[in-house]
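Hey, can you work out the whole structure from these sequences and the hints?
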Amino acid sequence: MAYVGFSTGDFENPSLSLNNRVKFCDYLGEALELLFETPKDLFDFRLTSNMIKEIMEHKYVTIHAPFKNIKYKSDKNTDIILKKLKYLCKKLPIKGIVIHPNVIVDFLKLDESGLPFLIENMDKTKSIGTHPSHFSEYVKKYKFNFVFDVQHAFEHDPSMKLGKEIIKVMGTRLQHMHVSGCNKRHNHYPTFISDNKKNITKILNMKIPVPKILEGFLVIDFRNIAIDEIKFIESFEK
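Using the numbering used here, the first residue of the sequence shown is number 39, and each one after it goes up by one.
These are calculated hints, taken from the structure and not from any lab test. Careful: at least some of the hints might be erroneous.
[Stated by the list, open to error] In silico BS3-like pairs for lysine-lysine, Cα to Cα no more than 25 Å straight-line:
| hint | residue 1 | residue 2 |
| --- | --- | --- |
| 1 | Lys78 | Lys122 |
| 2 | Lys106 | Lys164 |
| 3 | Lys276 | Lys206 |
| 4 | Lys61 | Lys128 |
| 5 | Lys106 | Lys222 |
| 6 | Lys111 | Lys164 |
| 7 | Lys111 | Lys128 |
| 8 | Lys128 | Lys114 |
| 9 | Lys97 | Lys124 |
[What the hints assert, rightly or not] What follows is a list of derived Cβ distance ranges for each label pair:
| hint | residue 1 | residue 2 | range |
| --- | --- | --- | --- |
| 10 | Lys147 | Thr210 | 23 to 29 Å |
| 11 | Asp113 | Lys222 | 37 to 43 Å |
| 12 | Tyr180 | Lys97 | 37 to 43 Å |
| 13 | Lys97 | Glu150 | 35 to 41 Å |
| 14 | Asp259 | Glu92 | 20 to 26 Å |
| 15 | Tyr65 | Pro247 | 40 to 46 Å |
Small disclaimer: the values here were computed from a predicted structure and weren't measured. Beta carbons: idealized from backbone N, C-alpha and C, even for Gly.
Quick look at the structure:
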């Protein structure tokens, strides 16, 4: 069965430290994604021996690279970010680093960095990384692997046909999936209670054997909601 687990970006409480988010995730699945929204979030992260121990409890660990207040290009800021990411990859068993294509200016710099970057398909607010043709180009030009976000695909085509086409183009380069649904308030919500549950399950029913990182926003009674979401997603892995 493919590994399933949460992203540290899923929690409603903004004051909950990354350390506490990781500890909470220790009991929820074997996968974990460490999310850093901004370069500051990444630079402020201190990897203590206790934190390493907590993270090592998971069998599939990824990083979500900063996607706000940043453009990845040939400059000092990008070099500093890459240096911190390389440090984390040296200390932790990182399987991949998720990155948004719309914030990449110099694709070749990242492709030749030696880091395991994974390009993610984007939501309806973006114009790049949203269509099969975009990923066909990445396949031809670069060595990047990929992440497929189910909710992002839904936003472009609720029938999920476009999403399935993107998955086909990604092929064996698809390393893991981001899974969530949505409701009227949240663009990313636990699938089992989302308004578009039926649409999302069209992809889950494909039983693609890659890890699933759950991105549904955990609100109110988030422990029980998280447990139920894990159970729901794992039911498609059998």
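Hint by hint, here is what the structure shows:
The suggested pairing of Lys78 with Lys122 holds, with an alpha-carbon distance near 11 Å, which does not exceed 25 Å. Under the criterion of a C-alpha separation no larger than 25 Å, the hint pairing Lys106 with Lys164 is consistent with the structure, at around 14 Å. Straight-line distance between C-alpha atoms of Lys276 and Lys206 comes to about 22 Å, which keeps the hinted pair within the 25 Å bound. Proposed proximity of Lys61 and Lys128 is supported: the alpha carbons are some 21 Å apart, at most 25 Å.
A distance of roughly 24 Å separates the Cα atoms of Lys106 and Lys222; the hinted pair therefore holds under the 25 Å criterion. Between Lys111 and Lys164 the CA atoms are separated by roughly 19 Å; this keeps the pair inside 25 Å, and the hint holds. A C-alpha spacing of about 23 Å is found between Lys111 and Lys128, which places the hinted pair at or below 25 Å, so the restraint holds. Distance restraint check for Lys128 and Lys114: the Cα-Cα separation of roughly 21 Å lies within the 25 Å cut-off, and the hinted pair is therefore satisfied.
Proximity of Lys97 to Lys124 is assessed by CA-CA distance (about 19 Å); at most 25 Å being required, the pair is judged to hold. Separation of Lys147 from Thr210 is about 25 Å and conforms to the stated range, judged on CB atoms against 23 to 29 Å. Against the hinted window of 37 to 43 Å, the Cβ-Cβ separation of Asp113 and Lys222 comes to about 40 Å, which satisfies the hint. Against the hinted window of 37 to 43 Å, the Cβ-Cβ separation of Tyr180 and Lys97 comes to about 28 Å, which falls outside the hint.
At roughly 29 Å, the beta-carbon separation of Lys97 and Glu150 lies outside the given 35 to 41 Å, and the hint is violated. Judged by the Cβ atoms, the range 20 to 26 Å given for Asp259 and Glu92 holds: they are separated by roughly 23 Å. Under the hint 40 to 46 Å, the C-beta atoms of Tyr65 and Pro247, about 24 Å apart, miss the expected range.
Hints 12, 13 and 15 from the earlier list are contradicted by this structure; the remaining hints agree with it.
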